[in-house]
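*Asks:* In case you want the letters, here they are:
2 protein chains.
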Amino acid sequence: MAHSSSANLGPGFDVLAVAHSVFRDEVEVRILGEGSLKVELAGGDPLTNTASYAVLKMLENLGHKVQVEVRVRKGIPAGLGLGSSGASAAAAVAALNELLGSGVDRNTLVKYAMVGEVASSGSPHPDNVAASVVGGWVAVTSVEPLKVVSIPAPRDYLLVLVVPDLKLEGKTKKAREMVPRQISMEDHVESTRRLTSLLVGLSSGNRELVREGMRDNLVETARLPLFPFYPEVRKSALERNAVGVCVSGAGPSVLILADRSTDVDGIRDDVRRISGLRAEVYLTEVGEGVKVEVRN
Amino acid sequence: MAHSSSANLGPGFDVLAVAHSVFRDEVEVRILGEGSLKVELAGGDPLTNTASYAVLKMLENLGHKVQVEVRVRKGIPAGLGLGSSGASAAAAVAALNELLGSGVDRNTLVKYAMVGEVASSGSPHPDNVAASVVGGWVAVTSVEPLKVVSIPAPRDYLLVLVVPDLKLEGKTKKAREMVPRQISMEDHVESTRRLTSLLVGLSSGNRELVREGMRDNLVETARLPLFPFYPEVRKSALERNAVGVCVSGAGPSVLILADRSTDVDGIRDDVRRISGLRAEVYLTEVGEGVKVEVRN
Chain A
1 MAHSSSANLG PGFDVLAVAH SVFRDEVEVR ILGEGSLKVE LAGGDPLTNT
51 ASYAVLKMLE NLGHKVQVEV RVRKGIPAGL GLGSSGASAA AAVAALNELL
101 GSGVDRNTLV KYAMVGEVAS SGSPHPDNVA ASVVGGWVAV TSVEPLKVVS
151 IPAPRDYLLV LVVPDLKLEG KTKKAREMVP RQISMEDHVE STRRLTSLLV
201 GLSSGNRELV REGMRDNLVE TARLPLFPFY PEVRKSALER NAVGVCVSGA
251 GPSVLILADR STDVDGIRDD VRRISGLRAE VYLTEVGEGV KVEVRN
Chain B
1 MAHSSSANLG PGFDVLAVAH SVFRDEVEVR ILGEGSLKVE LAGGDPLTNT
51 ASYAVLKMLE NLGHKVQVEV RVRKGIPAGL GLGSSGASAA AAVAALNELL
101 GSGVDRNTLV KYAMVGEVAS SGSPHPDNVA ASVVGGWVAV TSVEPLKVVS
151 IPAPRDYLLV LVVPDLKLEG KTKKAREMVP RQISMEDHVE STRRLTSLLV
201 GLSSGNRELV REGMRDNLVE TARLPLFPFY PEVRKSALER NAVGVCVSGA
251 GPSVLILADR STDVDGIRDD VRRISGLRAE VYLTEVGEGV KVEVRN
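These protein sequence lines are chains A and B, in that order. Read in order, the letters of the first sequence are residues 1 to 296 in full-length UniProt numbering. Read in order, the letters of the second sequence are residues 1 to 296 in full-length UniProt numbering.
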């Protein structure tokens, strides 16, 4: 079982993420036989599913000649910027690790699960996977070698997820293509200022620093055409005393960081009134890391 | 009195800095008369000195019609990446603030002092000034409006400064021109990963994260021709168990972060042996913020 997550958190494109406890994918991995490598996916093509693809690549890499069956029970809405594919892959590799007794460390688990992301978005971004594996607030501080660290943050923050009923074919790939390839040094410095504000704000529990830090000047801005309702959701959330607001991963979902002083019902009302937006609003908490259950 | 400082700290170009207790500039500000605005600099042109220029601009801004005299006693070697001009400006505006009873907050003091930097480097970078005003480890998380925050860091870290006997005419301006104007998104993400590693490492006291985080992939790399000895100093320091190493501001000085387990004498020996480098090595501590003494 692995939870959904929001990547980026504003200025942390491909670096930061947080897991949420509201949604979870369950993946079952069973060994069917030994002697040759084969991965079957219950009800699908194992090469186009992140869970089974990650399992296949992990088995190849570890040199295990086994036939396994992968079953995925999706609880996380897909294609909405909630790290759905990453969670399936995280749950799958963690289950396989337990099943084989490989004793693989969590950084390596993230690495295996990240390979699964290629099957869904065309690129192995590690942030969602890291949050699903480790839980809580995480940063990927290095890719080669892969290194995931937990970021200190106040424990009482709540997460509000605005999840639009809006499916875009190949959205993550498209959203990644909208990210500028070159940026100016000024924009880079501005982005690092905001990242610093966010990280210092989270570690010290300074609301204002977190709010200022969550504003992104690069990636969200470039992707705005994908989620035209975002500025209105953002404005409402801040007026309702949210700690901070950002686009959840590649969108279109929006992550609102809240605490006890935030008027979540007010945000819900406002979202209902935004024209052209049909969305569910979920109030949830920061989620835990991947959990493996052994059944015989 | 204000201390010297090291800006950037690797990936925090124009954002991060730390004050050191080893060097200090003392600035005396006296009111000579009232009724018209005039700033005199003992022994120099008030328009080309950061301290007197900052004083002039602060008086203009506050609308004070007074004649003042500014005396600067430099204790910080200039032109070596140690925030010398920033410290003079910080001491000057803090003294003027006290003298006039303006009650200006520290963010605004940094703003006034930063204007002084224009007189020396052609651009008002706020990081050194912020460290000299506030002391300790600081981040400039916003420029408009100016906002300086203290970054959490272990208290027992020592600072080793390698200060080459190497003066370059107009060095800061030249060093700023060597910074690339455009960077790729990949380099940006890599830089934010390192910044995250540094900040999380400092706040949690994780040596490895600090060391990895202090490596810069953008600005130091571009400026390497200005300090060809840097890779050798860096290698020595890490072999002698330094916590981390970076170029101090625009260089050529090098900042080595150390703790009790670092072989500082070994670093000193190594630096002496690097061919073509004549440098002093200072062992010091993290410095305090600007101090004002009132004399009648």
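Some hints here could point you the wrong way.
Okay, derived cross-link-like pairs now, DSS-like style, lysine-lysine, Cα gap no bigger than 27 Å in a straight line [unchecked claim]:
| id | chain 1 | residue 1 | chain 2 | residue 2 |
| --- | --- | --- | --- | --- |
| 1 | B | 74 | B | 167 |
| 2 | B | 291 | A | 235 |
| 3 | B | 167 | A | 147 |
| 4 | B | 74 | B | 291 |
| 5 | B | 65 | B | 167 |
| 6 | A | 38 | A | 291 |
FRET-style restraints, in silico, Cβ to Cβ [what the hints assert, rightly or not]:
| id | chain 1 | residue 1 | chain 2 | residue 2 | range |
| --- | --- | --- | --- | --- | --- |
| 7 | B | 169 | A | 145 | 51 to 61 Å |
| 8 | B | 155 | A | 285 | 27 to 37 Å |
| 9 | B | 274 | A | 103 | 50 to 60 Å |
| 10 | B | 174 | A | 181 | 54 to 64 Å |
Derived from the structure by calculation, the hints contain no laboratory data. Because the structure is a prediction, the values reported are computed rather than measured. Glycine included, each C-beta is placed from N, C-alpha and C at the ideal position.
*Asks:* Holds or violated: 51 to 61 Å for the Cβ distance of residue 169 of chain B and residue 145 of chain A?
*Replies:* 43 Å, violated
*Asks:* Does the Cβ pair residue 174 of chain B, residue 181 of chain A satisfy 54 to 64 Å?
*Replies:* Because 29 Å falls outside the window, the suggested range is violated.
*Asks:* Given the hinted pair residue 65 of chain B and residue 167 of chain B, is their Cα-Cα distance within 27 Å?
*Replies:* 38 Å, violated
*Asks:* Does the alpha-carbon distance linking residue 38 of chain A and residue 291 of chain A stay inside the 27 Å limit?
*Replies:* The hint holds at about 25 Å.
*Asks:* Taking 27 Å as the top limit, are the C-alpha atoms of residue 291 of chain B and residue 235 of chain A close enough?
*Replies:* The given pair, whose Cα atoms are some 42 Å apart, is violated under the 27 Å limit.
*Asks:* Checking one constraint from the list: CA of residue 74 of chain B to CA of residue 167 of chain B, max 27 Å. Satisfied?
*Replies:* Satisfied, since the Cα-Cα distance of roughly 16 Å is no more than 27 Å.
*Asks:* Has the given pair, residue 167 of chain B with residue 147 of chain A, been kept, meaning a C-alpha gap of at most 27 Å?
*Replies:* Given that 27 Å is the threshold and the Cα spacing comes to 40 Å, the pair is violated.
*Asks:* Given the range 50 to 60 Å, decide if the beta-carbon distance of residue 274 of chain B to residue 103 of chain A lies inside it.
*Replies:* 44 Å, violated
*Asks:* Residue 74 of chain B and residue 291 of chain B were given as a pair; does the straight-line alpha-carbon distance stay at or below 27 Å?
*Replies:* 15 Å, holds
*Asks:* Looking only at beta-carbon atoms, does the pair residue 155 of chain B, residue 285 of chain A fall within the given range of 27 to 37 Å?
*Replies:* 33 Å, holds
Comparing the model with each earlier hint shows violations of hints 2, 3, 5, 7, 9, 10; every other hint is respected.
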